[in-house]
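Undergrad: If you want the building blocks of each chain, they are given just below.
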Amino acid sequence: EDKVVQSPLSLVVHEGDTVTLNCSYEVTNFRSLLWYKQEKKAPTFLFMLTSSGIEKKSGRLSSILDKKELFSILNITATQTGDSAIYLCAVEPRYAGGTSYGKLTFGQGTILTVHP
Amino acid sequence: GAVVSQHPSWVICKSGTSVKIECRSLDFQATTMFWYRQFPKQSLMLMATSNEGSKATYEQGVEKDKFLINHASLTLSTLTVTSAHPEDSSFYICSVQGQRAYEQYFGPGTRLTVT
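Same order as they appear, the protein sequences are chains U and P. Numbered by my numbering, the letters in the first sequence go through residues -2 to 113 in order. Numbered by my numbering, the letters in the second sequence go through residues 5 to 119 in order.
Worth flagging that the hints you see were computed from the coordinates, not collected in a lab. Fair warning: there could be bad hints in the mix.
Ranges of calculated distance between the beta carbons of each label pair, as one might list FRET restraints [said to hold, decoys possible]:
(1) P/GLU63 - U/ILE108: 19 to 27 Å
(2) U/SER4 - P/GLN64: 23 to 31 Å
(3) U/LYS64 - P/PRO90: 21 to 29 Å
(4) U/ILE51 - P/THR61: 29 to 37 Å
(5) P/SER13 - U/GLU66: 19 to 27 Å
(6) U/GLU52 - P/GLN103: 23 to 31 Å
Bear in mind the structure is a predicted one, so any value in this text is a computation, not a measurement. Yeah, the Cβ is synthetic: ideal placement off N, Cα and C, and Gly gets one too.
One chain only, chain U, in its complex shape (with noise of 0.2 Å):
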């Protein structure tokens, strides 16, 4: 059975602290990991990664893959308010034939508040 443990769980700091989020997996078959940002209401997309050791980057954000230790972090600098929300890390297994049909597994998510 696929699994995806988060820690975490929960993070409080101040505006313009940096955080590290971490996502360890077990899966069958590894496709990709995938983080989410979740707000109030539906998952939104931040990064999907397959390849070890390359970092993806959006603006304060970033993320890097480690294939072999079969874990994943998550980078936050210059912390906003904006970016309080719970954060997902998720995997998607590669079924046989090399297809995918896009069954995730998610970790149980970081909440991360972050103060004025």
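Once you've looked at the hints, dock chain P against the given chain U.
TA: Only chain P this time, still in chain U's reference frame:
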């Protein structure tokens, strides 16, 4: 990306009644849709995979007779919670699988409260 809507956005019902939640893909023909539930401060749990024109595939532990899924067209999937109980109260989110396998577009969710 695809635009996904859900209706209703929130619903309150009494125990024993049934509730239908709609998930629409507004600008994309969705062969595959997913249904998730999320309890407060917890993660999304995949309930079932909905394939257009065929029976849904349910995850282990999800009662298919209780959570009826119908994906009758490429733009609409419905989840019916039958004989609802207070423990069914949750946030239900659908998603649409995009053209590439890793693309998934989430709906805004439906908050169900069973009294």
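Undergrad: It remains to establish, for every hint, whether it holds in the given structure.
TA: To see whether the hints hold, each was checked on the structure:
1. P/GLU63 - U/ILE108: 19 to 27 Å: For U/ILE108 against P/GLU63, whose Cβ atoms are near 24 Å apart, the range 19 to 27 Å holds.
2. U/SER4 - P/GLN64: 23 to 31 Å: Given range 23 to 31 Å: holds, Cβ gap about 25 Å.
3. U/LYS64 - P/PRO90: 21 to 29 Å: violated, 43 Å
4. U/ILE51 - P/THR61: 29 to 37 Å: holds, 33 Å
5. P/SER13 - U/GLU66: 19 to 27 Å: violated, 41 Å
6. U/GLU52 - P/GLN103: 23 to 31 Å: holds, 26 Å
Violated hints, listed in ascending order, are 3, 5; each of the other numbered hints is respected by the structure.
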